[in-house]
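J.: So you can see what is in the structure, the chains are spelled out below.
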Amino acid sequence: MKDMTIYVAKDFSKMPCVRSRDDGKKSGEEFRDDILLPALKANDRVTVDLNGVLTLGSSFLEEAFGGLVRKGYYTAKELNAKLTIKFQVESYIKETWDYVKAARKE
Amino acid sequence: MEFECKDFIEAARWIIPSLLIILGWSVVSRGNDRRETRKEVRQFLDRTISSVENIRKNSLDCLTQGVCESSKKLELAIDPELLQMESALALLRLKNGKDVVDGRSLRKAVSDNGQYRVAGRKKLDLDHRVLMEINDSAAELIAELEKAYRQTYQKESFFKGLW
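So the protein sequences, as listed, match chains A and B.
Just so you know, we're using the working numbering here: the first sequence kicks off at 114 and counts up by one.
Just so you know, we're using the working numbering here: the second sequence kicks off at 52 and counts up by one.
Calculated directly from the structure, the hints in this document are not laboratory data.
Glycine included, C-beta positions come from ideal geometry on N, C-alpha and C.
Any given hint could turn out to be false.
[To be verified] Calculated cross-link-like contacts (lysine-lysine; reagent style BS3-like; alpha-carbon spacing at most 30 Å): (1) B:LYS174 with A:LYS139; (2) A:LYS138 with B:LYS108; (3) A:LYS154 with A:LYS123.
[Stated by the list, open to error] Sample of chain A residues lacking proximity to chain B, with all beta carbon distances greater than 10 Å (derived): (4) GLU142; (5) PRO151; (6) LYS154; (7) THR160; (8) THR188; (9) ALA189.
Please build the complete structure, drawing on both the sequences and the hints.
T.: Listed below in structure tokens is the structure:
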């Protein structure tokens, strides 16, 4: 079984907060399309470690993770089996999974 | 060596007062510890509430102006403070019922409202829905925190406080 961990602060940005590429650099859209999606496709299980970031916008989380369902890449059930999110503050993890569960395919 | 009744009485004259003193000291010491803990939690809570107010104020100032240097400076202040506030709430672990009070509603109202950090956004009117939601979320969070603090630290009975 192939596992991979993405360390967001080190591999992407310490200040991820905007939603789409139009809004600025290091967006949720950029993270999802350029880093998370390739990792999910290439591995059986992916862990996203958010520890070390200095900011974490709700719109970033919704686009990066909820967007996986909205864009039709994965269902919430598939992500639940494949994806683990780690962060020191539990409420962000709950929030992210709420976005995944609430997302509807566009 | 046989112990007579008077030996037990003699021993009790020393042992019982000693036990009472130890028990009394334990009760006072625990009471002091609880008071100190409550004071520290209250101070930490006050700083967190201050942070909530600051986030509210900065968010309103940011969104009631168009995208400019001043609004971007406010964004740079708001984003880390949201995370710090949430970390502080996670440390406080104040509960209303079973749920730990967290800042999700406020964070969502500030950073996922379709306006904040969106390219080309216009300044919002003072009666805009988004601004109202930020105000409401901040006020609700503060109210929840105060309620949770009261429930945790100010409703204990005398005897519960002893232990």
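J.: Is it the case that GLU142 (chain A) keeps its Cβ farther than 10 Å from each residue Cβ in chain B?
T.: Holds, since 12 Å exceeds 10 Å.
J.: Given the hinted pair LYS174 (chain B) and LYS139 (chain A), is their Cα-Cα distance within 30 Å?
T.: 24 Å, holds
J.: Tell me if the straight-line CA distance from LYS138 (chain A) to LYS108 (chain B) falls inside 30 Å.
T.: 26 Å, holds
J.: So is PRO151 (chain A) really clear of chain B, every C-beta pair being over 10 Å apart?
T.: Non-interface label on PRO151 (chain A) holds, nearest chain B Cβ at 25 Å vs cutoff 10 Å.
J.: Per the stated criterion, does the least C-beta distance between THR160 (chain A) and chain B lie above 10 Å, as a non-interface residue requires?
T.: Non-interface label stands for THR160 (chain A): nearest chain B Cβ at 20 Å, farther than 10 Å.
J.: Hey, does THR188 (chain A) actually stay past 10 Å from chain B on C-beta?
T.: The claim holds: THR188 (chain A) sits with its nearest Cβ about 22 Å from chain B, beyond 10 Å.
J.: Can you confirm whether the C-alpha distance between LYS154 (chain A) and LYS123 (chain A) stays at or below 30 Å?
T.: Holds. LYS154 (chain A) to LYS123 (chain A) sits at ~21 Å (cutoff 30 Å).
J.: With 10 Å as the threshold, tell me whether ALA189 (chain A) passes as away from chain B on beta-carbon distances.
T.: 19 Å, holds
J.: Checking a non-interface call: every C-beta of chain B should be farther than 10 Å from the C-beta of LYS154 (chain A). Is that right?
T.: Holds, because the least Cβ-Cβ distance between LYS154 (chain A) and chain B comes to about 27 Å, which exceeds 10 Å.
Consistency with the previously given hints is maintained throughout, with no hint failing.
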